[in-house]
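*Asks:* Since the structure of chain A is provided, determine the placement of chain B on it from the hints.
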Amino acid sequence: MAVDTDRDGRGAILSVRSLNVDFTLRGARHRVLRDVSLDVRRGENLAIVGESGSGKSVFCKSLMGLLDANGRVESGEILYEGADLATLTEKEWLKIRGKEIAIVMQDPMTSLNPLIPIGRQITEALRLHRGLKGKAAREAAMGYLRDVGIAQPELRFKQYPHEFSGGMRQRAVIAIAIACRPKILICDEPTTAIDVTIQAQILDLLLSLQQKYQLTTIYITHDLGVVARVADRVAVMYAGDFVEIGTTEEIFYDPRHPYVWALLSSMPQLAKKGENLYSIEGSPPDLSSPLAGDAFAPRNRYALKIDFVRRPPLFSLTETHQARSWLLDPRAPKHERPETKGGGAG
Amino acid sequence: MSQTNRQNATALPPEAPLLEVRNLSVAFGRGRKRFEALKNISFSIYPGETFGVAGESGSGKTTLGRAILRIYPPSQGGVYYKGAKISGPIGKAEDRRLTRNMQMIFQDPMSSLNERAKVEAIVSEGLQNLSRVSPDTRRAKVKNALKEVGLRPEFADRFPHEFSGGQRQRIGIARAMIMEPEFIVADEPVSALDVSVRAQVLNLMSRLRREKGLSYLFISHDMSVMRYICDRVAALYQGVMVELADTETLFTRPMHPYTRALLSAVPLPDPALEKNKTLTVYDPSAHDYTKDAPSLREVEPGHFVFCNEAEQKLGFDFL
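So the protein sequences, as listed, match chains A and B. All residue numbers for the first sequence refer to my numbering, where the first residue is 1 and numbers rise by one. All residue numbers for the second sequence refer to my numbering, where the first residue is 1 and numbers rise by one.
Please keep in mind that the hints were generated in silico from the structure rather than gathered at the bench. Everything hinted at is true.
Restricting the straight-line Cα-Cα distance to at most 25 Å, the calculated cross-link-like pairs of lysine to any residue (SDA-like) are: (1) B:Lys143 - A:Ser283; (2) B:Lys275 - A:Tyr213; (3) A:Lys273 - B:Arg253; (4) B:Lys33 - A:Ser165; (5) A:Lys272 - B:Thr249; (6) A:Lys273 - B:Glu15; (7) B:Lys275 - A:Gln106; (8) B:Lys33 - A:Gln159; (9) B:Lys275 - A:Ser265; (10) B:Lys277 - A:Thr192; (11) B:Lys118 - A:Arg26; (12) B:Lys275 - A:Glu249; (13) A:Lys273 - B:Arg260; (14) B:Lys275 - A:His321; (15) B:Lys277 - A:Tyr253.
The following block holds chain A by itself, in its conformation from the complex (with noise of 0.2 Å):
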């Protein structure tokens, strides 16, 4: 799959290409990245979506060089302007993280240190990778609060982060992020632990700076309602690998992948009162061993033969949107489309 360039050339920022990555556990091998390839590009706010397990953050952390010590990126590339992460030394990260790929992780109670004021915690972050100092670090900071929409900046620099409210403190992790003036941001799962109330906003936020600093965003997230608000593009992850690509519109009006159907049927804002929600039976698979065919074949009601014994190839549909499913082979046997569209709640 080699897509570089867009029709409207802005081209690929970050190719990943063939990337396995692999995880010691309790001395048993586990792939949770099986064969990965995906092109994010310039500008674009990208959605990936997928379960817990499904190696969406692994992904994302390969990303950052961020992987745990038991994690290792077995093969592939990683192209960034040119390098290929996936062989960078520690050392050559840091000139990279921050600085080049910027993350935003969920919890905002735990990536700000609670010992440290709120502006220190910017200001570290301009004097590590911008070379700012004193009074010019201090206005820069109280800029970026301003601009992550913290009132009263000047009072705020100086207050611990216990002062904060999950909202703010949220804010406070993005001016952080957005301090080093990366050029990819990756935002995982940022609304999770943040009150329904304020999560719009704070996607709102993520939106306008995406604008003003011409970002390119990584969402993280298995919420679908995050993903159609805030994603241009959405790739789903299914058991370490991507299962269906495309635009927001394709994926939510036009999914292809059975999975993608299976989850997106479950949104309870579909459901009708009384009857059973659709639900996916059975569990992801086990990662310890290989997997053949397509990994989501025991669960799907849809699977044919062949999805058990070879791994689909991905099916181009439009020049946006890809799926990997036998069911899109011209040999397959016609099959009906469960009703998806999301009709809403509110």
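*Replies:* Chain B only, in chain A's frame:
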């Protein structure tokens, strides 16, 4: 009122509530540190009903669930079960009976199970606390409870770490079901679960309600789950119940500005709707309660809103 499940009432006459909360307040700390987590809450839950409590962190929804289960003592008012007061001092026999009848399902299945105990011990613990049971009966009951929640009976000999999040939540439900309860407080039972597993657990809870005639107090911040599973929903804001109505009324005709804000924040799995959605933000300072204090008023049959007379007359739109 349109509670579909009231008709399912078996032991009690249809209009008698199973559980009543009357003017309940719960306060923590004393003196200058006194904090009132719940302020003057009243409602009833009828047999077979799923009563939803919606609210954000700090709204007091978990405190409410715990006060009902007698974990926190009320500072004012009380909780009544089948007409008898259960808050405050009660007899030992009564205590045992209530423990059996009222159970709880917890939020996070990863932290609410004892990692060092086998599933059999976890599931049967409540049973053993109340009465002496022979190992054979215990085992049979555990197996039965596991089957009931869709797990294999042989799982009894395993440890919690061998299970996925959804399976662990089923173990948590089996732990409650083995007591054969009538009433369950479910505190965010699906928020820690993935979308597809969430559907399985919600289906399981609906089935148990149908088959066992259970009543639930369903605590959640996720309004889309609420709409699916609850018969009536109460919205809590900073310890005050701001609105109470049957689910469809609350979702289609919300009155209180906080309820409206909460509903406008529900994420919709549809990009066209979600991208053009306007958010309603609740501003508590917009109320003018200096002259006329607010109270819980019935604006239409079964629909209660916390407001004063002017607000009831004019609606909240002038805010």
